[in-house]
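Residue numbers (this note's numbering), protein chains in the order written: chain A, 1 to 350; chain B, 1 to 320.
Everything labelled a hint here was simulated from the structure, so no lab data went into it. Do not take every clue at face value.
Think about it this way: if two alpha-carbon atoms lie no more than 20 Å apart in a straight line, the pair counts; the simulated SDA-like pairs of lysine to any residue are [claimed, not checked]:
id: 1; chain 1: A; residue 1: K275; chain 2: B; residue 2: K262
id: 2; chain 1: A; residue 1: K108; chain 2: A; residue 2: N48
id: 3; chain 1: B; residue 1: K262; chain 2: B; residue 2: E241
id: 4; chain 1: A; residue 1: K275; chain 2: B; residue 2: E241
id: 5; chain 1: A; residue 1: K130; chain 2: A; residue 2: T86
id: 6; chain 1: A; residue 1: K98; chain 2: A; residue 2: E29
Pairwise CB distance ranges, derived in the manner of DEER restraints [to be verified]:
id: 7; chain 1: B; residue 1: V104; chain 2: A; residue 2: R235; range: 43 to 49 Å
id: 8; chain 1: B; residue 1: D61; chain 2: A; residue 2: G231; range: 22 to 28 Å
id: 9; chain 1: B; residue 1: D82; chain 2: A; residue 2: G30; range: 29 to 35 Å
id: 10; chain 1: B; residue 1: W124; chain 2: A; residue 2: E291; range: 45 to 51 Å
id: 11; chain 1: A; residue 1: A216; chain 2: B; residue 2: E30; range: 52 to 58 Å
id: 12; chain 1: A; residue 1: E233; chain 2: B; residue 2: S44; range: 19 to 25 Å
id: 13; chain 1: B; residue 1: R79; chain 2: A; residue 2: A161; range: 27 to 33 Å
id: 14; chain 1: A; residue 1: R97; chain 2: B; residue 2: P118; range: 30 to 36 Å
id: 15; chain 1: A; residue 1: V234; chain 2: B; residue 2: S44; range: 23 to 29 Å
id: 16; chain 1: A; residue 1: Q280; chain 2: B; residue 2: W124; range: 46 to 52 Å
All figures in this text were calculated on a predicted structure; none of them were measured in a lab. For each residue, glycine too, the CB sits at the ideal point set by N, CA and C.
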Amino acid sequence: MLGSFRGLFSYDISIDLGTANTLIYVRGEGIVLNEPSVVAIRQEPGPNNTKRISAVGVEAKQMLGRTPGNITAIRPMKDGVIADFTITEKMLQHFIRKVHEDKFKAFKPSPRVLICVPCGATQVERRAIKESAAGAGAREVYLIEEPMAAAIGAGMPISEASGSMVLDIGGGTSEIAVLSLNGIVYDNSVRVGGDRFDEAITAYVRRNYGTLIGEATAERIKHQIGTAYPGAEVREIEVRGRNLAEGIPRSFTLNSNEILEALQEPLSGIVTAVKTALEQTPPELGADISERGLVLTGGGALLRDLDRLLVEETGLPVIIAEDPLTCVARGGGRALELMDAHGGDLFALE
Amino acid sequence: MSESENDTVDEQRTSKQKTLPERPGRRLREARETRNLSREEVASELRLQTRIVAALEEDDDSSMPPSAFVVGYLRSYARRLDLPADEIVRAHEQNLEGPQPEIVPRVRKSQVSSRDLPVRMVTWLIFIGLGALLVVWWLAQQPALEEPGNSSEVATAALKATPTTPEGEAQTVAERPESATETDAQLPVFVAESEGTASEEPDPVEPTTPEPAPEAQPQAAESEAVAQAEPAATGLRMEFEADSWIQVTNADGQQLVSRVIKAGRTLRFTGKPPFRVILGYAPGVTIHYQGERFDHTPYMRSDVARFSIGSPGDDQGGEG
């Protein structure tokens, strides 16, 4: 009763609770929050051993790998699912409050929330996400599978009786799905994503340069010169890391071909997943997909020439969705609207 | 389709859409031609069908897949030709009509839900019906509240008419019915013949009631109704303050009434005295005879009272 009253002063929101970034789409307002899923926790001095949230989001991400002993910056999500339940709840609570901050100050927010989950998430993981959102103050919680939300967000005609294939490369997982008639015909989730790219770069640099670089540096390398397919242009970047032999920070230069080599292993994981999906797709839908193509969404789609790699490997036209980073959150928001218009049985919502 | 035909088609289209920026097809085709590439070559490189490449160059929306795909094709094509992809896509989107594909439920709903129109209509009808019933009930209550005033007037009028009847046929006169229908149905029950005694009735002779019927009481009880209607003081009048069974028999042994009377009603009897009265619940009944209070408490035995009232000399006094 009180919840529905408070609901008058809350938004309907869709959350893409990703390993790397959390995006919140507010109905009627668009994407209002896009922050890293990072929480910094400070250990309070004293006998009680209490822990406090020190920072969340962008601020906390800047602390990653740079924290003193009493602060730990952690990512509460791993591989698209909750690794630390309490911290996830706190993070969601912070984000939900932040979204409502400017408009409804007087009331504790109690929004309707739709959360996108990886299709590979188990029942236990789904329940954990649901309870986490409920604990963060959500009035009602719905779950939608990420590829479905991504396809809606990318503007794919999922209601048609024709196959659409979507590949959503997130921070922790990559989801591949074939959709038709508002439903998922095939889905698969591989635990390869942006984080694995970063790890591969870190490992490559350590192996070939004997130098240790941090997560943030690896990510910067990926963003600036990362590529998935050999191009005509070779780009370079100067990075600093600790030389393992000397123990002193050293600076060195990396080029895009080296990064391409470093990324081979995670990329082949994605390519294999796409090929497996095509093998498993019923032939009629496969024909539709080969005519129209495969749609790439998620932050991983921004890796340079990833579409060229997939075109060469699969022989399908490959399309990068507009604004791939926000596709899932936007799709979730649209799903909320459609759910209100057509009832909850439009998609397989939980 | 030859190139010249394409040109004319494009020109027609651009002249038609002067307000809109130029569509990207022509620019793509020109760029492709300067690079000496055929449509087939481009199509095989982009893994697209030749007809889709043709449709892109001719800006032919009808043979293209949904917009999300077209934007992707344009981007890849523009990148292949080293054209600025964003510009091409913008040019395409500005001419776009339906940006989002419609998402509709594919499964017919088998279960009726509360948001269905017929269900909502029925719900509203029920609410409106209940509201209407409430109004009807309210309106029905209104006259009932006003009734005491009106009905006393009616009763007075009826009583006024009584003595003037030449035959002296008398009437009852009963009561203040709560509803008109009830009155109609029950009136005949109380009708008593007064057989020529009517002429005597109006003149009240000095009461010699054996009971201590104080003279002051009629005055105290005097209301304008009584004052207005002198005849009302004649005969036997019973006011019911509580539900009570009653039986009244006149001198001829004719039973005038024998049933339960509800609280708040008043019965009047005219006719041949003495009346033999049995009250089921005597404390709840007040009796006036010939305009004077008749105390029936001496006859009460555990709430039941049996007595006669009035004397054959028409006037009164009888006791049983």
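Can the suggested window of 29 to 35 Å be confirmed for the beta-carbon pair D82/B and G30/A?
-> With Cβ atoms ~33 Å apart, the hint holds.
Range agreement (Cβ of S44/B with Cβ of V234/A, hint 23 to 29 Å) | With a Cβ separation near 27 Å, V234/A and S44/B satisfy 23 to 29 Å, so the hint holds.
Is the hinted range of 45 to 51 Å satisfied by the C-beta distance from W124/B to E291/A?
-> Since W124/B and E291/A have Cβ atoms about 49 Å apart, the given range 45 to 51 Å holds.
Holds or violated: 46 to 52 Å for the Cβ distance of Q280/A and W124/B?
-> Hint holds: Cβ distance 50 Å, inside 46 to 52 Å.
Whether the CB-CB distance between E233/A and S44/B falls inside 19 to 25 Å = Since the Cβ atoms of E233/A and S44/B sit about 24 Å apart, the hinted range of 19 to 25 Å holds.
Is 43 to 49 Å a correct range for the gap between the Cβ atoms of V104/B and R235/A?
-> Cβ of V104/B to Cβ of R235/A: about 46 Å, so the range 43 to 49 Å holds.
Straight-line Cα separation of K275/A and K262/B no greater than 20 Å?
-> 92 Å, violated
For the pair supplied as a hint, K130/A and T86/A, confirm whether the alpha-carbon distance does not exceed 20 Å.
-> 13 Å, holds
Is K275/A close enough to E241/B, meaning Cα to Cα at most 20 Å?
-> 96 Å, violated
May I ask you to test the hint 30 to 36 Å on the CB atoms belonging to R97/A and P118/B?
-> 42 Å, violated
Within 20 Å, alpha carbon to alpha carbon, are K98/A and E29/A?
-> Satisfied, since the Cα-Cα distance of roughly 14 Å is no more than 20 Å.
If you check the beta carbons of D61/B and G231/A, does the distance land in 22 to 28 Å?
-> 33 Å, violated
Checked against the numbered hints listed earlier, the structure breaks hints 1, 2, 4, 8, 11, 14; every other hint is satisfied.
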